[in-house]
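The primary structure of each chain is shown beneath.
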Amino acid sequence: MITCLLLVSFRVAAQDTTYISIDLTNVSFQKFIEEMEKISPLRFYYDAAETDSLLVTVKMDHVQPAVILRQVVQPNGLQFAIDAQGRVFITRKFKIQTALADGFFDKTNTVKDTLREPAAALINPDADKEKLKASLEKKLFDIGTRTNSTARGNAIVVGYIRDGKNGEALSGALVYIDTPVVKTITDQFGYFSIMVPKGRQTLRVSSVGMKDTKRQLMVYGDGKLTVELEDYIASLKAVTVTTDRKSNIRSTQMGVDKVNIRTIKQVPTVLGESDILRVVLTLPGVTSVGEASTGFNVRGGAADQNLILLNDATIYNPSHLFGFFSAFNTDVVKGVELYKSAIPEKYGGRLSSVLDVATRDGNSKKLSGTGGIGVLTSRLTLEGPLDKEKTSFILGGRTTYSDWILKQVPNDAYANSQASFYDLNLNITHTINPKNSLYLTGYISHDKFKLNSDTLYKYGNQNIILKWKHIFNNRFFSVLSLGKDRYEYAIQSDNNPLNAYRLSYDINQTHARAEFTYTPGSKHAFTFGVHSIYYKIHPGSYLPASDRSLVVANQVAAEQALETALYLGDKYTITPDFSINAGLRFSMFNYLGPHDVYQYIPGSPRSTSSILDTIGYASGRNIKTWAGPEIRIAMRYSLSSNASVKLSFNTLRQYIHTLSNTTAISPTDIWKLSDANIPPQQGYQASLGFYRNFPNDIETSVEVYYKRMQHYLDYKSGATLLMNKHIETEVINTSGEAYGAEFMIKKSAGKLNGWLSYTYSRTRLKIDDPIAGETINKGNYYPANFDKPHNVNFIGNYKFSHRLSISINAVYSTGRPITLPIAIFNLAGSQRVYYSDRNQYRVPDYIRGDISVNIEGNHKIKKLAHSSWSLGLYNVLARQNPYSIYFVQESGVIKGYQLSIFGSIIPFLTYNFKF
Amino acid sequence: MKKYCGPYCLILLLALAACKKAYEPQVIATDYHFLVIEGVINAGSNAVTTILLNRTKSLGDSSAPNPELGAQVFIEGEAGGSFQLQSQGAGMYNSAALSLNTSGKYRLRIVTSNGKIYQSDFVPAKQTPPIDSVTWKQDKGVTLYVYAHDPQNATRYYRWDYMETWLYRSPVSGSLGLNNGQIFFLDSTTQITDCWTTAPSHNIAIASTEALAQDVISNIPIAQIQQNDEKMGIRYSSNVKQYGITKEAYQYWQIIEKSSQQTGGIFDPQPSQLSGNFHCISDPNEPVIGFASMSVVTEKRIFIDYRELTGWFYSNKPGNQCDPIIIGQNANFLLYNYPDTTYIPSYFVSGGGLVIVKKVCLDCRRRGGTNSKPSFWK
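Protein sequences, first through last, are from chains A and B.
Under my numbering, the very last position in the first sequence is 965; numbers go up by exactly one each time.
Under my numbering, the very last position in the second sequence is 480; numbers go up by exactly one each time.
So that you can see chain B by itself, here it is in the shape it has in the complex (with noise of 0.2 Å):
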């Protein structure tokens, strides 16, 4: 703030970058909990849609996404034939294998635990091409570029989504895990240094052609990096997910991104109230959020390694917490019952004794990530 409301400020007026500041809304008294439907109809052969249900929460509340459940979820075609998702659990609902008439119009019916029907418009199939490549550029943080082209011209809006994964290392490494007490020696399969987390992506990236001559999608930034995130600390990797899109759903995904995704300059418009194509059949006022679309997808898998990258310092230096203890051994040596169980042991020592290290600094797992190497991993 000081750099902003400084003698300076009135240059900044200039720069438009004025004062900011945080602003807490009154306390916006009803809980409204609309009905949020997400997901793609997967016109793709033998392909498996899931649906997302989950139900809106006041604006303080920071509590987990409120899911959908026990809902009863349709695809069902303008020519006919109807297809059940079946229940995932936490509000997913997913389809067997499909592959639906791509020259026909499908649509959403959810018939939720309280009686009520929503139901989607008719939409048509849109055909996606393949992503030509995905790229990257470093200027600080790292920023993800796609290019793509449909020869046909008949594109033309995109979105695109994409999910990450990164492998991270515990700070302190060791040699042994732990089971019921028993230490054992650990292998490749069951390490607990390296580990693999996946998260989709949070941003809507969306372009369209509809200006240009030729549909082509030329350096259209999807993701962006911070510099020195622990993302790119070791390796990492995204795959993109490309989705050819009406009109309509571009229109849409747009007013999402207007609505949460600028910055507020005062020349951005004002935020406009979301239509999507669902309605409540049994209540035609309630709102409905949600955008019912069917694409063919296509992806594209990306590799960076911070070799690649230039200054980035991502610091995994384990703290004073992971400082290690070194205790004696047990008769059975591997036998493990220290009484802080928030350590697990690391290595034996070779003199005699056994290390032992704060779980949350050995065992990589303990922050979320996977420890068994993905398989497209490379």
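Chain A with its partners taken away, still in its complex shape (with noise of 0.2 Å):
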């Protein structure tokens, strides 16, 4: 290794001009050093107590000092180092050295405000691929325009961070120097600023999954940087991964969750198929309502309190047939992040959480592909440049053939159902210069099932999504994005002619943000911008299917409004252990026209029978104004360099409501506006956490939260919600408050790795309207359908070789809360049930265990394509967890019956590949 390091500073070395000749005879190694100052620039540092029994003979014409240094000092055990100030190191300890002065030959490696793309430039092509990396961990980068005295203060140092096989950006990953500490995190787009002291720095880098690496720096002034990670699988053994590590005791970001794709694809699922949602809801603080369900809550929240963003695209329906698949292709996704608590001001407009996947961008550098083929679906993944370096692209597409398989059910009861669906995803990215880059995100997904009846259900998302990213200097940047999203649904029927029908809904936004991140010193960080939505719903639309169809068209009239939001935030560094993230976001709702807005008589409750008067807007209009403040602060104060404990505090608004009166998400659920008689929800929440790191990689934290809600809705007993062109008089106002306690311990790295968590939490809702007309529960308290006070997750991997690992997933929670049955009658020939108040009883806990095992087939680097086998076992344990209870009249008798969902040990196959 040695010797490369050598060879290479030798080939640089050769394009200067400064050969000597020399020509000395036994002479003792304080002379050689001696005539070598007087016939070089060079100044020399060496122990001469390591030195002076030397003798030295040495005979060169027209070299380069290096070379003779080679041949004097290296057969003599030692070690030498020539610095960008010309000065000489010569040891015994070849450690001692950190740097190899390359750049003093070569001065036309100081560059200003340039980007440097180390692994094009500098390095001989063929040269290992390790010893490449080892050299760029001692090459010295001169940053900033080089001058003879290192200046004092601070500069900046910009730059992206990249992977370095396919060259795609590394969104999260930990940018930081040790002394003194200061840290950064690259953003979306891999990017990173950071203030450092000038003179000598070394500059470290880790992020998740990636082998951690340095840079030797020699800052003059402001400059630029790229760095490539290396993937941590194709190297030694010894590689641990720290990012996340440091991370969760230096970020002043609490409630957060980050989740990349290779544990996404460890953890056994249903049928094999990796499932990004599936991995959420074992997180602590994550709930669900069932097994069939993709809709999740969070820490008390409901479903429809989630932001789900796929590159800041709005995904509002995020699963496949009936919820059993999320919709997210993993061979796309990079990673996924939950905003539990301090959610950061750039992002508003629901209650609970933000869930934030992040696609990949194509590799750069060489066109390849995955795949998987498994016992549902199958899907494939491209990427590639199109320009080299320049533009890349990734497209991935997945189906299904659930088809194919109903029909070849022996079962009647399926002859007439069918079920299919596909997801596309697109994302370009495309570098004009340096200084500005564009990033462009298209997905399309598409459901489509008919259960053993004449109605067709269909659903689709559709998005698209701009970025342009532009950097005026190493302080300032901006990020400007337009995109668009939709969902719709549509439900059609025509087994009876005279009834036939099709309901259909949409919901488009168009969005915009302008978004400018400003990092002034190394105190300070400012992120300041503006977001626009502007929502246009078609609430549903009721029309005839055929001809005969006596069925009248009936449209609920389209909805629009405008949702606007500034904000301001800044992450102050008050001293390395104390740090603040502040942020005020100022939100704004017009509920716009044409539309038709119902008055009902003050006080009383709303009823059709209750309204006063009709009022006309026309179009463009502005109906109803809401707008308010959203709070977002945290603190984080670092115990010791791996303890901390952080404090956070948000306030949110939600300006858009799902209508559904089932206890699982359904396709057919109906986002509503807010609007003159439909307040936003707000809420607020407070938490406390406690952050403590062990050898060995492990992290254990603890955090407590408590958290109120207001204006969230709930139904009123009977609710019509589809075609309701008065909404308002079928919901009712509910407030809630939800707290708890979730702890973690997790092991990151190593060959057992995985984490273990217990969440205890709780929610309460109540209905104090007074207008609702009807109260639940005597207008009590009562639990939240979700309210599930304990959780256990535990996921572990453990890898025998590289080959081969196995993943366990185990699973308890306590039963969701049910309505039961509290008392029977007699009503028109039957016998009926009377219910119980409210959410009063709750379904068996549940319990499960799987199981599954994953074979990478050999790592030869030049193969045709590396294939992998998933083979695993889902709820091991054959327990039928009820997911739902409930109870049918049955020639006269009510019966009581328990629907398990996945009530068997489901066994799954899949095949993974990649070219």
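Calculated from the structure, these hints are not laboratory results.
Since no wrong hints were added, every one of them can be taken at face value.
Some but not every residue of chain A turned toward chain B, in silico, with C-beta under 8 Å:
| hint | residue |
| --- | --- |
| 1 | Leu600 |
| 2 | Val602 |
| 3 | Ser880 |
| 4 | Tyr885 |
| 5 | Tyr947 |
These figures come from a predicted structure and were not determined experimentally.
Backbone N, C-alpha and C define an ideal beta-carbon position, used for all residues, glycine too.
Assembling the complex is the task here: the two chains are given apart, and the hints tell you how they should meet.
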């Protein structure tokens, strides 16, 4: 390795014009040095004690000093290094030499304000990768204009952190220096900006799943640097992944869970389909009402209080096949982040959480692909450069053959059923120049199903978003984005020609954001911006589906609104141990015409009979404005280098509500905007956390929270939500409170990795709306549908070798509350049930274990395709966990049943490949 | 269960069939006795209103209904007028033949024997158009459908119930009857081979035409008879009653239907609490079950003969227990004193001797029906 380093430096040095000649015989080492100092500009530093016994004989003509040094020093077991100032260090132990001053010989390397591309530029392409890496770590990079003396003060280093293999931007990578402690995290584009003292610095970079690296910097002034990281799998055993570990202590963010795609792919799931939302459900503080629902509840919030973003595009229905699978193709996804408590000021519009799904950029170096063949679905992803190093794309698709499977089932019940879906992702990344980049994301999902009936359901998401990142200077950059999101569904029935109908619903939003990040010094980092969403909802059209149909065309008037938010945030590092993230978001919602607005008798229960007046508003007229500030504050105090305490307080507002009468999220739920009669949901959350890391990559954390929400919508009994022109008569304003504690222990690296979490959480709702006209449980607090006090999750992965690993997933949770029948009576010839107060009982506890084995093909680099197998068992205990309990009348008698969705061991097998 | 949870489970989960098993709820301690009020104020002319009063029972209680006896029940007009209903026993209360003012509003008022007062809201009378037809279709089982229309487009919300009557036969026929140990010969009025059973509907059938341009009820299923059910083994009849109801009543019936008739699918709504239009005046917190409504009732009868059906195999073949025994005749051949009283005489053997068969095989009345042909039967 050392030889190689020298060779490298020689190659560079050969371009230099400093050539000297020397002729000495049997002189002392000290004499040799004196001679060298005479004939070259070099200054030597060495330990006389190490060299006093040496005698030097050397005769060379017109060579560079380094050649002479190599000839003299190396055979004597010594090492040398030449730095940028022309200082030569001679030592016996190599590790003292931290840098090799090839920059000394190559002044053209000194750049100001341009990006360096080390991997492309520097090194002999034939050099072995490992050596290359080592040399990059030891090479001294000049940042800023080189000056003879290092000035005092700070400079800003900006740049990108990328995956060395495919050039993909690494977001969330930690970039830091140790003395003094300064750190930053890359943004979604892999961009970072860090303020460091001028002079010699060691910049360290680490990122989840990547090998840590460092760069030796000589900082003269502001400058740029791009660092490429290596995949840790390809490297040696001893690699530890430390990003998360350090960031959980150092970041002010709390209540954030980050899961990378490797973890997601290790977790066993039903039918072997890697599933982001299933993994999200294993995080502390996240629960769901049942297995067949991808709707999730974060810290006692309702399922519609989660903002689900795919590269900043809102996904309204993140599920396929009635909720069995999430609609994200894991081959395209880079990772997910779930914000549970300290929600950054840039996000808003939902009360509980933000789930940020980031997709990968395409491989900018070569065309490659990945794919998988599973029991139910197949997927294929292609990626590669469109214009080498400038433009790259990634295109991923997934489809199912469940339709075909349904036809094979020897059971009449399924003869009439069909179910199919697909989804497509496209990302294009284009670098116009080092200061401007464009990012385009497109997404389509489509579902169609018919369950042994004549009713056909269809639904789908469509999203497109374009982002432009512009770097003004090292301290200031902006991201502008523009996008459109759409979700639609349709239900069609044509069995009875007289009643044949088609019901359809859609929500469209056009959104734009301008965001600026300004880092004036190492103490502050400001983010500010404006975000605007224009909504257009068609709440329902009910149309005849045949010529003979008597169905009257009925349309609920379209709704439109503009939601605008201004935000400003500052990451303020008061001392290295104490920092604050303070953010303010001011959001405003304008409900716009054309629309008719009903006015109700003030103070009396709203019903169609209490309508006083109807006011028509013209197109574009502002009907109602709701506005208010939202406060986002998070604080972090480091107790030591591996322990910290964090505190956060958030207020949030939500202007869009899901209307759903069912326990699970269903594809036919509708989204309704706040309007003149329906106020926005509001909530606040306070949380406190303690974080402590231990050796062997073990992280622990405890977080407690308390939360209140207002104007959450519940429904009157038997409410009609579809095609209702006065929804406000069917909904009841509900307020709620949630509190809980989350404990987590996580081992993020090593042969054995995974986490164990325990969550205690309660959510209670209360109907205290004077104009509701009816109350639930007499206006007392009652548990929400998703109130499950005790949750234990374990996810573990053990690597036997690089090719074989086993994953185990275990889940325990308290059964969810249900409303049970408490009495029976006869009515209309049959026995009927009288139900208890709402949610006074619970279904039995939920217990499940899954296991999967992942087998990778061999790791030869040159191979047509790399393949892997994943096989496993879902629900190994074969426990019939009740999803729902219900009571049916059968021949005049009430019978209770429990329905388990995955009530037996479900084996699965998936074949994955990569080329 | 096997079918659902075999290796094909993975497909099953697609179809949401999943695994279903019986669930016995834990003992729900308190045994509530809420008042249940059923019946419609009949707005027809000279019409009798029947109101049923019952109490709820605990879930595990399989005993007979729990009627509320000794209550005073009144129909009261908003514009005055009070008509007391007379107890018929078993919690049933009947009015005299009344012709109520169909443009007025009425309510029910009940004073129970424990002194508690229950009262409904005042409800308007709803007119009901005639039933155009009741038809049926066979797809293995038989489904009855109703058709109606209201040219005024005023009814919009409908409810149906029906009274089913069917003919069934004893597996063994005989020509003899028995009265106080005396054998007699049966005639068409005393025969015990053919019986008719009448039963009320068990399910709730409601429909709304709110979304339709015209108030037309077309092809609404109101009843289902399982394949090979004895009801259609020989001849079946159903008398369908149609009630025009208010929107509120429709919603109330919808909740009851949702709470106890739906199959508990994943996307089904959660059960909702029943809140009818009755109130306990004495204790406002006490739940009362029931919804008072007032309608004119129209009806239509339909007959279905087993010969109209395909593949309907109702078998009333006698089992071993119906094997006849031949005994000697008494001197007084009309005197019958066979010691095993589960046997009754069937017919005289021509060569002498009496064939006797178990009563259950011979007398169709043993199974609950009546041996007198209903007047409407044809």
